[in-house]
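Participant: Please model the entire structure based on the sequences and the hints provided.
Quick mapping for you: the protein sequence lines, in order, are chains Y and G. Per numbering that gives the first Met the number 0, the very first residue in the first sequence carries number 0; after that it's consecutive. Per numbering that gives the first Met the number 0, the very first residue in the second sequence carries number 0; after that it's consecutive.
Rather than coming from a laboratory, the hints here were simulated on the basis of the structure. Don't take every hint at face value.
[What the hints assert, rightly or not] Straight-line distance between alpha carbons at most 25 Å, and here's what the computed DSS-like set of lysine-lysine pairs gives:
id, chain 1, residue 1, chain 2, residue 2
1, Y, 234, Y, 159
2, Y, 256, Y, 234
3, G, 155, Y, 54
4, Y, 56, G, 155
5, G, 17, G, 49
6, G, 80, G, 126
[Claimed, not checked] Derived Cβ-Cβ restraints for the label pairs, each shown as a range:
id, chain 1, residue 1, chain 2, residue 2, range
7, Y, 172, G, 156, 49 to 55 Å
8, G, 211, Y, 217, 54 to 60 Å
9, G, 186, Y, 75, 49 to 55 Å
10, Y, 251, G, 101, 34 to 40 Å
11, Y, 217, G, 221, 34 to 40 Å
12, G, 279, Y, 150, 47 to 53 Å
13, Y, 150, G, 214, 42 to 48 Å
Glycine included, C-beta positions come from ideal geometry on N, C-alpha and C.
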Amino acid sequence: MIESTEQALGPTWNLQRCMADLILDAGSAESFGGDPRAFGAGRGLQKADQEALEKFKSQLLVYRDLARTALEDPLPDCFPITHALLEQADLWEGCLDAFLASRTIQSPYYRDVNPSFVAWLANSIWGQERWPFLLELAHFEYIEVEILRWPDEAPAMDLKAAPAGDSQVVFDGATRNLAYHFRVHEATKQDPEPASGETFLLGYRDSEGDFIYSELSAHASAFLARCLEGAAVGKAASGLGLELDDVLDLLIGLREKGALLGFR
Amino acid sequence: MNPFTGVGVGLRRPHLEKVAALDSTPVPFWEIAPENVVGQGGSRHRQVMKILERDPVITHGLSMSIGGFDAWDRDALANLKGFLKETRSPWHSEHLCWTSFGGATTHELLPMPFTRDAVRHTVERAKRVQAELPVPFLFENVSYYACLGAPEMSEKQFLEEVLEGADCGWLLDINNVYVNSRNHGFDPREWLEGMPLDRVQQMHIAGHAWFEAEQLIIDTHGAPVIDPVIELMQWVLPRIGRPVPVLLERDNEIPELDVLLAERASLQKAYDAALAPVLSGNHD
Ligand SMILES: [Fe+2]
Numbered sequence: 000m001i002e003s004t005e006q007a008l009g010p011t012w013n014l015q016r017c018m019a020d021l022i023l024d025a026g027s028a029e030s031f032g033g034d035p036r037a038f039g040a041g042r043g044l045q046k047a048d049q050e051a052l053e054k055f056k057s058q059l060l061v062y063r064d065l066a067r068t069a070l071e072d073p074l075p076d077c078f079p080i081t082h083a084l085l086e087q088a089d090l091w092e093g094c095l096d097a098f099l100a101s102r103t104i105q106s107p108y109y110r111d112v113n114p115s116f117v118a119w120l121a122n123s124i125w126g127q128e129r130w131p132f133l134l135e136l137a138h139f140e141y142i143e144v145e146i147l148r149w150p151d152e153a154p155a156m157d158l159k160a161a162p163a164g165d166s167q168v169v170f171d172g173a174t175r176n177l178a179y180h181f182r183v184h185e186a187t188k189q190d191p192e193p194a195s196g197e198t199f200l201l202g203y204r205d206s207e208g209d210f211i212y213s214e215l216s217a218h219a220s221a222f223l224a225r226c227l228e229g230a231a232v233g234k235a236a237s238g239l240g241l242e243l244d245d246v247l248d249l250l251i252g253l254r255e256k257g258a259l260l261g262f263r
Numbered sequence: 000m001n002p003f004t005g006v007g008v009g010l011r012r013p014h015l016e017k018v019a020a021l022d023s024t025p026v027p028f029w030e031i032a033p034e035n036v037v038g039q040g041g042s043r044h045r046q047v048m049k050i051l052e053r054d055p056v057i058t059h060g061l062s063m064s065i066g067g068f069d070a071w072d073r074d075a076l077a078n079l080k081g082f083l084k085e086t087r088s089p090w091h092s093e094h095l096c097w098t099s100f101g102g103a104t105t106h107e108l109l110p111m112p113f114t115r116d117a118v119r120h121t122v123e124r125a126k127r128v129q130a131e132l133p134v135p136f137l138f139e140n141v142s143y144y145a146c147l148g149a150p151e152m153s154e155k156q157f158l159e160e161v162l163e164g165a166d167c168g169w170l171l172d173i174n175n176v177y178v179n180s181r182n183h184g185f186d187p188r189e190w191l192e193g194m195p196l197d198r199v200q201q202m203h204i205a206g207h208a209w210f211e212a213e214q215l216i217i218d219t220h221g222a223p224v225i226d227p228v229i230e231l232m233q234w235v236l237p238r239i240g241r242p243v244p245v246l247l248e249r250d251n252e253i254p255e256l257d258v259l260l261a262e263r264a265s266l267q268k269a270y271d272a273a274l275a276p277v278l279s280g281n282h283d
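Facilitator: Laid out in structure tokens, this is it:
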């Protein structure tokens, strides 16, 4: 949560606004590079400051590059396949420019650049226009990172190892029940375009803390969604017309893998 | 013994597993950015916390944008305060720069205008930070590649006025002094002379790179420290006259832990040699 920006219009504020526009806005390399004085004048700068923009034109443009370089590490690390896809189409830089220009990187935490990118894709033509799967692909790539570093919880006490019809399932906080319209988990850097197809995945951390996922049936996914909402196992199963024995087996298997902490 | 002396190293992700597995600390102290630790979990986080519980640590912040205008995220500030207490960091430092505007963060260290208005603004913001933090606050001098707007004073005067006005400590980044001296054409020793060295609580030392197309040295933290920077550290240490901790920064092209520790060891030798006359003088 960010408090509203302080209103402190003055020469320092004006200069910073000008530089923020130069760094973040999509067409600024051309408009600033073409006429730094006019760029400054349009943003309320005094004549002496406009002249300084002219004098330090190339050095000021270096900051624009540096802000892009700062994203060149975290984004391809977190989104290797999305990055490969855009890079192959020669669109990565344009995507980065549009992302920066959206000014949606707002958190003081560097790591939040990644979820900001997914949130931006969800609201931008980049997420769906050219490739309808892009948002889902990026989301699944981000989920791995989120699961890997989700804050640890204090170990839950008094949990049962075996479920019964009246049990409630206790999930690990890092576990995510995921549904996609594309086979996002099958995409690779070499073949980054996933086929379309309803896909249900459960992502979680194993006992070593590594990311792992299991593919689920639509029924199993719906059942786990009800369990995540707090429904008792038997009620969640009968509501979906599932056999209790089948869902108990599913839960026992997921507990052994580390997706569930136990039963209450 | 005060652990906050000698040459420490920035704790970096590729080294976590090795460092956590050691029986004892291989450095006098580590430096770490709280923003990269708080609110995290998982196996890598547990390695960090194991190291921080075992070894002395100094914190160094990246994103408060103290020279900027955006209000501080209250949750992030509360997390920072908790982290400073938990790690028993002797102080907390931030760069004398701005990083965000209008709520948008650039994650870049952007230059302050060298003006009276900017001094007044930065001093006021620094005082507010100091009042919030449970430990003393230090400002770090940055590398700057351009003047933002027409300067009313030199960078040196700007830094001095902010440090004095805010009455805060100084994290002297000796590589940044060197980089600025090359990019802007001044003598770094002359620059340091007359600066308030009594405010220096910590130093940074790092490598940099020359960018031909831009005709600039950029503060990349991606290469070993060069000799002229080591010599500058050796020149200033006796003038500070106290064994202030020096931190080796390495953020890019991060080498194997052994290589980084070997660089630390050779910097420690240079550090000890520079301070030997001062410290033996103290015993007389
Ligand atoms: Fe530094």
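Participant: Indicate, hint by hint, whether the structure satisfies it.
Facilitator: Hint-by-hint comparison with the structure:
1. Taking the CA atoms of residue 234/Y and residue 159/Y, the gap is near 18 Å; set against the 25 Å cutoff, the hint holds.
2. A distance of roughly 24 Å separates the Cα atoms of residue 256/Y and residue 234/Y; the hinted pair therefore holds under the 25 Å criterion.
3. Proposed proximity of residue 155/G and residue 54/Y is supported: the alpha carbons are some 20 Å apart, at most 25 Å.
4. Taking the CA atoms of residue 56/Y and residue 155/G, the gap is about 22 Å. The hint holds against a cut of 25 Å.
5. Under the criterion of a C-alpha separation no larger than 25 Å, the hint pairing residue 17/G with residue 49/G is consistent with the structure, at around 12 Å.
6. Restraint check for residue 80/G and residue 126/G: the C-alpha separation of about 16 Å stays at or below 25 Å, so the hint holds.
7. Between residue 172/Y and residue 156/G, the C-beta spacing of about 52 Å keeps the proposed range 49 to 55 Å intact.
8. In this structure the supplied range 54 to 60 Å holds for residue 211/G paired with residue 217/Y, their Cβ-Cβ distance being about 58 Å.
9. Checked against the hint of 49 to 55 Å, the pair residue 186/G and residue 75/Y fails, with Cβ atoms roughly 41 Å apart.
10. For residue 251/Y and residue 101/G, the Cβ-Cβ distance of about 53 Å falls outside the hinted range of 34 to 40 Å, so the restraint is violated.
11. Distance hint for residue 217/Y and residue 221/G: a CB-CB separation of about 49 Å, inconsistent with the stated range 34 to 40 Å.
12. The hinted window of 47 to 53 Å between residue 279/G and residue 150/Y holds, with their beta carbons roughly 50 Å apart.
13. Separation of residue 150/Y from residue 214/G is about 46 Å and conforms to the stated range, judged on CB atoms against 42 to 48 Å.
Hints 9, 10 and 11 from the list above are not met by this structure, while the remaining hints are.
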